[in-house]
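Going by the numbering used here, the sequence shown opens with residue 1197, and the numbers climb by one from there.
No lab work stands behind these hints, which were simulated from the structure alone. Beta carbons are placed, not taken as given, at the ideal position from N, Cα and C, and that holds for glycine. A few of these clues could be false.
[Claimed, not checked] Straight-line distance between alpha carbons at most 16 angstroms, and here's what the computed EDC-like set of lysine to aspartate or glutamate pairs gives:
(1) Lys1269 with Glu1330
(2) Lys1346 with Glu1371
(3) Lys1346 with Asp1279
(4) Lys1367 with Glu1398
[To be verified] Simulated restraints on C-beta separations:
(5) Gly1379 with Gly1409: 28 to 34 angstroms
(6) Ser1228 with Gly1379: 43 to 49 angstroms
(7) Ala1271 with Ser1296: 21 to 27 angstroms
(8) Ser1228 with Arg1369: 29 to 35 angstroms
(9) Ser1393 with Ala1337: 42 to 48 angstroms
(10) Gln1402 with Gln1258: 46 to 52 angstroms
(11) His1244 with Leu1394: 31 to 37 angstroms
(12) Ser1343 with His1244: 33 to 39 angstroms
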Amino acid sequence: MQAGHEEITVVKRGRGRPPKSAQQRNEGGRRSELIRVAARQFRQRGFHGASTRDIAAAAGMQPGSLFYFFESKEAMLHAVMCDGMSQAAASQSAALGALSPRANGVERLRALVRNHLQIMVGPESDFIPVMLYEWRLLSDAQRQDVSAQKDEYEAQWMPALQALYRTGRLKARPEIARLLIFGALNWTAQWFSESGSLSLDELTEQSLALFIGER
């Protein structure tokens, strides 16, 4: 280098986001656990019945520690719904991705129904009743946020319903059928029991028989 000039060292950085630190990973895990616990508490006690003290106790935390992760109980409710919808979307994408590219409308609808029933009554299903019954407690902005996720999730059903409508297997207009189908499936959270007479696979086939019947 010439005299009078400082030598400049260029540090090359890898592309993408830097890896998370152990503390960040731990905080992310604690937040996810809090969302899971809050969903269970909101489902069992209702939003107003579940205090932050109840949620903290169930999570093994001090009540004030919750506000490190969430600014309010309402923000926690919003996170429960958003996180639940994100998991539902990922599960649905995986169910559709596992199908053959040549899967017909019936096969696609079967995969969608089976996956949605698993979401409704499976071990991580607490967010569904919370979303159905505590929806009115969200702010307008929060409702728009969750609605966007919900609309994207439900839109994945339309190709299967439209294909079935074109072949005559589905008699109702696809956009109306979608609303009716979700109304029926969502209600299973109120009455289905894994210890009952129907398995989820059997319930899936009964649902298909109701929606599109036998050829």
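Results for each hint:
1. Lys1269 with Glu1330: holds (13 angstroms)
2. Lys1346 with Glu1371: Distance of about 15 angstroms is within 16 angstroms: holds.
3. Lys1346 with Asp1279: holds (12 angstroms)
4. Lys1367 with Glu1398: violated (23 angstroms)
5. Gly1379 with Gly1409: 28 to 34 angstroms: For Gly1379 and Gly1409 the Cβ distance comes to about 18 angstroms; the hint is violated.
6. Ser1228 with Gly1379: 43 to 49 angstroms: Violated, at about 30 angstroms.
7. Ala1271 with Ser1296: 21 to 27 angstroms: This hint is violated: roughly 42 angstroms between Cβ atoms.
8. Ser1228 with Arg1369: 29 to 35 angstroms: For Ser1228 and Arg1369 the Cβ distance comes to about 40 angstroms; the hint is violated.
9. Ser1393 with Ala1337: 42 to 48 angstroms: Given range 42 to 48 angstroms: holds, Cβ gap about 44 angstroms.
10. Gln1402 with Gln1258: 46 to 52 angstroms: holds (47 angstroms)
11. His1244 with Leu1394: 31 to 37 angstroms: With Cβ atoms ~34 angstroms apart, the hint holds.
12. Ser1343 with His1244: 33 to 39 angstroms: violated (23 angstroms)
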